[in-house]
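S.K.: Just need the whole structure built from these sequences, with the hints factored in.
Per full-length UniProt numbering, the very first residue in the sequence shown carries number 1; after that it's consecutive.
Take the hints with a grain of salt, since some may be wrong.
Derived pair list, reagent style DSSO-like, types lysine-lysine, alpha-carbon separation capped at 30 Å [claimed, not checked]:
no. : residue 1 : residue 2
1   : LYS91     : LYS12
2   : LYS131    : LYS12
3   : LYS149    : LYS12
4   : LYS74     : LYS149
5   : LYS12     : LYS60
6   : LYS149    : LYS169
7   : LYS14     : LYS149
8   : LYS169    : LYS74
9   : LYS169    : LYS60
10  : LYS30     : LYS14
11  : LYS60     : LYS91
12  : LYS74     : LYS91
13  : LYS149    : LYS4
14  : LYS131    : LYS149
15  : LYS74     : LYS12
16  : LYS74     : LYS60
17  : LYS91     : LYS14
18  : LYS169    : LYS12
19  : LYS91     : LYS149
20  : LYS74     : LYS14
21  : LYS14     : LYS136
22  : LYS30     : LYS91
23  : LYS4      : LYS136
24  : LYS60     : LYS14
25  : LYS131    : LYS14
26  : LYS4      : LYS74
27  : LYS131    : LYS91
28  : LYS136    : LYS74
29  : LYS136    : LYS169
30  : LYS30     : LYS74
31  : LYS4      : LYS131
32  : LYS12     : LYS136
33  : LYS60     : LYS131
34  : LYS14     : LYS4
35  : LYS131    : LYS74
36  : LYS4      : LYS30
Keep in mind the hints are simulated off the structure, nothing from the lab.
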Amino acid sequence: DPSKGGTIFDYKAKTLNGSRTVSLSEYRGKTVLIVNYLGKIELKNYGFTVLGFPCNQFGKQEPSANHELLASLKYVRPGNGFIPNFILFEKGDVNGDTEQGLYTFLKVKLIPTSRDSFGDPNDRLFWQPLKINDIKWNFEKFLVGPDGKPLMRWFPRVPVSEVRTDGTKMPFGTEPVL
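M.R.: What follows is the structure, encoded as structure tokens:
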């Protein structure tokens, strides 16, 4: 039950190429930024270990199969030889009946704190049921402390530079900012 204790270290994810299942306990002692990642964005190194989770639930913007994603990034969008500077995991759902367990956990621990809405869900969102704590769009971010506990959540429009500023102010070992 994600609502009772736990950390991200209780979860595993398969790498994008499917070659390895990674226990997130490998990130023990590191500050981790988990991003519902849309491949068009490059994440700078802001002192976090970044974990990207592609998803196709928002306007069907990430239609590539797992084995096509890296080539798509390198040659098409954004192209120009782009290679992500962080680990990407297999594409999966972050909302609805088939959402990944990690995202269920993160969303239970850090509910949204703004009035950011879904907009018109009928033409751009592809899951059921819609819940108040759902991920709203690509590039939603979760900061996790070195102890594996979620600390902060940012909506897609918040730039990573602001996440970095907020994250450097976070006293680790404290309760989440809600």
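S.K.: Hint compliance check: list the failing hint numbers for this structure, sorted ascending.
M.R.: The structure conflicts with hints 4, 8, 9, 26 and 35, although it agrees with all the remaining ones.
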